[in-house]
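Trainee: Protein chains in written order, with this note's numbering: chain G, 1 to 267; chain C, 1 to 267.
You may find that some hints are simply not true.
Unchecked claim - Between beta-carbon pairs, the in silico distance windows are: (1) G:ASP209 with C:LYS51: 33 to 41 Å; (2) G:LYS260 with C:TYR183: 33 to 41 Å; (3) G:THR51 with C:VAL241: 50 to 58 Å; (4) C:VAL241 with G:GLY235: 57 to 65 Å; (5) C:VAL100 with G:GLY203: 31 to 39 Å.
Stated by the list, open to error - Distance condition first, Cα-Cα at most 27 Å in a straight line; then the derived BS3-like pairs of lysine-lysine: (6) C:LYS51 with G:LYS50; (7) G:LYS50 with C:LYS200; (8) C:LYS51 with G:LYS136; (9) C:LYS94 with C:LYS14; (10) G:LYS136 with C:LYS200; (11) G:LYS178 with G:LYS89; (12) C:LYS200 with C:LYS51; (13) G:LYS178 with G:LYS260; (14) C:LYS94 with G:LYS89; (15) G:LYS260 with G:LYS89; (16) G:LYS136 with G:LYS50; (17) C:LYS14 with C:LYS103.
Hints listed in this document are in silico derivations from the structure and should not be mistaken for laboratory results.
These numbers come from a predicted model, not from an experiment.
Heads up, the beta-carbon is just placed ideally off N, CA and C, and yes, glycines get one too.
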Amino acid sequence: MSLRTVARALPTMLRVGFAEAVAYRAEMLVWVLSTTMPLVNMVLWMAVAKTAPVGNYGREDFVGYFLATFAVRQLTSAWAAWLINWEVKQGTLSMRLLRPISPLWAYASENVAGIPMRLVVAAPVVVTSVVLVGAKAIPQTALGWGLFLVALVGGWAITFMANIALGALSLFMDSSQKMMEVWMVLFFVCSGYMFPVELLPGGLRAVIDWLPFRYQMGLPVEMMTGAHDLPTALGLLARQWAWVVAMFVIAMGLWRHGVKRFAAFGG
Amino acid sequence: MVRRYLRLLGVQLKASGLQALQYRADFFTEGVTSLFWIFTALAPLFVVYGKRPEVEGWSFGEALLVVGWFTLLQGLLEGAINPSLTGVVEHIRKGTLDFVLLKPADAQFLVSTQRFLPWRAFNVLTGVALFAYAFWLLGRPPSLTGMLASVVLLGTSTLLLYSLWILTVSAAFFVVRVDNLTYLFTSIFDFARWPSSVFKGVARGSLTFLFTYIIPLALMTTFPAEAMLGRLPLLSLVGAVGGSLVFAWLARRVWRYSIGHYTSASS
Numbered sequence: 001m002s003l004r005t006v007a008r009a010l011p012t013m014l015r016v017g018f019a020e021a022v023a024y025r026a027e028m029l030v031w032v033l034s035t036t037m038p039l040v041n042m043v044l045w046m047a048v049a050k051t052a053p054v055g056n057y058g059r060e061d062f063v064g065y066f067l068a069t070f071a072v073r074q075l076t077s078a079w080a081a082w083l084i085n086w087e088v089k090q091g092t093l094s095m096r097l098l099r100p101i102s103p104l105w106a107y108a109s110e111n112v113a114g115i116p117m118r119l120v121v122a123a124p125v126v127v128t129s130v131v132l133v134g135a136k137a138i139p140q141t142a143l144g145w146g147l148f149l150v151a152l153v154g155g156w157a158i159t160f161m162a163n164i165a166l167g168a169l170s171l172f173m174d175s176s177q178k179m180m181e182v183w184m185v186l187f188f189v190c191s192g193y194m195f196p197v198e199l200l201p202g203g204l205r206a207v208i209d210w211l212p213f214r215y216q217m218g219l220p221v222e223m224m225t226g227a228h229d230l231p232t233a234l235g236l237l238a239r240q241w242a243w244v245v246a247m248f249v250i251a252m253g254l255w256r257h258g259v260k261r262f263a264a265f266g267g
Numbered sequence: 001m002v003r004r005y006l007r008l009l010g011v012q013l014k015a016s017g018l019q020a021l022q023y024r025a026d027f028f029t030e031g032v033t034s035l036f037w038i039f040t041a042l043a044p045l046f047v048v049y050g051k052r053p054e055v056e057g058w059s060f061g062e063a064l065l066v067v068g069w070f071t072l073l074q075g076l077l078e079g080a081i082n083p084s085l086t087g088v089v090e091h092i093r094k095g096t097l098d099f100v101l102l103k104p105a106d107a108q109f110l111v112s113t114q115r116f117l118p119w120r121a122f123n124v125l126t127g128v129a130l131f132a133y134a135f136w137l138l139g140r141p142p143s144l145t146g147m148l149a150s151v152v153l154l155g156t157s158t159l160l161l162y163s164l165w166i167l168t169v170s171a172a173f174f175v176v177r178v179d180n181l182t183y184l185f186t187s188i189f190d191f192a193r194w195p196s197s198v199f200k201g202v203a204r205g206s207l208t209f210l211f212t213y214i215i216p217l218a219l220m221t222t223f224p225a226e227a228m229l230g231r232l233p234l235l236s237l238v239g240a241v242g243g244s245l246v247f248a249w250l251a252r253r254v255w256r257y258s259i260g261h262y263t264s265a266s267s
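Model the full structure from these sequences, guided by the hints.
Mentor: Structure below.
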């Protein structure tokens, strides 16, 4: 498998992925509607901030924050871990392994190809946020948009690589469903998905700054709502991309070792 | 008639129980994951009450009761209601519902009791532990009448959950791909995490209306918590009992209507 083969196959794989996303649009809509967690927490925080702002966040800031969370969640979600688990269990992973291109490219292209459809959902939410909160809900400058995009891509990359790593674990332990649940819980609590990490006490925040979770979700959201000045933003982005690299190394290591152990059930 | 159905229920429970006993280790893994998930319900509360002593008239201990009820009902949902009704969707998709309909007993009863996952009910224990912790924080025991009322409300909440489920599953007769509709239902149930008064300030109270009368989430978790605290008006208790009975009757009617539209998959 050379990079040239990948480059030649990728456009077709993306087209197939996009066609699949269009075909299963009703299913996707249900998944989108299931993303209630940001809204559940938005309601709670709006009630908390009714009389006085909490930290830097007033009522409107919470609306902006959680609608941005909803949009970022749509654009950065990955489900490769479930897919790998399922394919390992069914033995269908062997079909993928026979192809002259790594399955990881297939998972990635399928994920990326779904993004245009997800954008259709995310964009109106962002527009709603601008209507409700005003211009401060989105980056003000071209540079701000650029930083947001870098953070968004970084967030997706960490999420996707973590998915590959968690999926690859199923090659060692039959099913990594429980590990995925543990990861999900940590993500919910530490990423800024349920509350802005800024509101946590100082000691906890220092720990969370070193964990990957807040770079999956909190950082892109904060870039969107312009919570940081430029030096802080650059520092956080550097940490985020350090995690992208680290996750890449972990995921590739686990996958390479795992695939060698793979013996297709019933295949 | 009643005795016959009780015997049937016994048989179904025994079958599920025997199956669960084959996977005894699951009791521990389910327990650990349940404790872990509890963290996602508690973390926002810790952060909120770290900033404020009271939110919309609920102190930390009181809000903990609502989370306790949420966890308990989640246990019932995942242990007793979810598994059976996911089975119905599978039956409809494959056309094997024919075999259920042919049996000389009520179809709704048969499909609703076909599968229980006792270990999943670990959340019920976690919920009870949360009650104990909440009352320890509040520094007073619950009143006797309050406890009696909350036991009645446990019945109505279960009935409501079950009826909502029947309504969701009835949709499976019209649109076949609803495996993730069940997931959607669980996500909407997430709104029951907080005391329903936090919805007061949102969209001029329309959310309060929605979650009290249309999707009666407030009745399921907030009412029992208020009953335990001894501050639920008698009228609300009567309303909850009457409302849940109406809901159950409605669900039954919709089920009868939907099953009339069942066309076996292969014919």
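Trainee: Each hint should be assessed against the structure and marked as holding or not.
Mentor: Here's how the hints hold up against the structure:
{"no.": "1", "hint": "G:ASP209 with C:LYS51: 33 to 41 Å", "in the structure": "violated, 20 Å"}
{"no.": "2", "hint": "G:LYS260 with C:TYR183: 33 to 41 Å", "in the structure": "holds, 34 Å"}
{"no.": "3", "hint": "G:THR51 with C:VAL241: 50 to 58 Å", "in the structure": "violated, 36 Å"}
{"no.": "4", "hint": "C:VAL241 with G:GLY235: 57 to 65 Å", "in the structure": "holds, 58 Å"}
{"no.": "5", "hint": "C:VAL100 with G:GLY203: 31 to 39 Å", "in the structure": "violated, 56 Å"}
{"no.": "6", "hint": "C:LYS51 with G:LYS50", "in the structure": "holds, 13 Å"}
{"no.": "7", "hint": "G:LYS50 with C:LYS200", "in the structure": "holds, 11 Å"}
{"no.": "8", "hint": "C:LYS51 with G:LYS136", "in the structure": "holds, 25 Å"}
{"no.": "9", "hint": "C:LYS94 with C:LYS14", "in the structure": "holds, 26 Å"}
{"no.": "10", "hint": "G:LYS136 with C:LYS200", "in the structure": "holds, 26 Å"}
{"no.": "11", "hint": "G:LYS178 with G:LYS89", "in the structure": "holds, 15 Å"}
{"no.": "12", "hint": "C:LYS200 with C:LYS51", "in the structure": "holds, 20 Å"}
{"no.": "13", "hint": "G:LYS178 with G:LYS260", "in the structure": "holds, 23 Å"}
{"no.": "14", "hint": "C:LYS94 with G:LYS89", "in the structure": "holds, 21 Å"}
{"no.": "15", "hint": "G:LYS260 with G:LYS89", "in the structure": "holds, 16 Å"}
{"no.": "16", "hint": "G:LYS136 with G:LYS50", "in the structure": "holds, 19 Å"}
{"no.": "17", "hint": "C:LYS14 with C:LYS103", "in the structure": "holds, 19 Å"}
Hint check: violations occur at hints 1, 3, 5; the rest are consistent with the structure.
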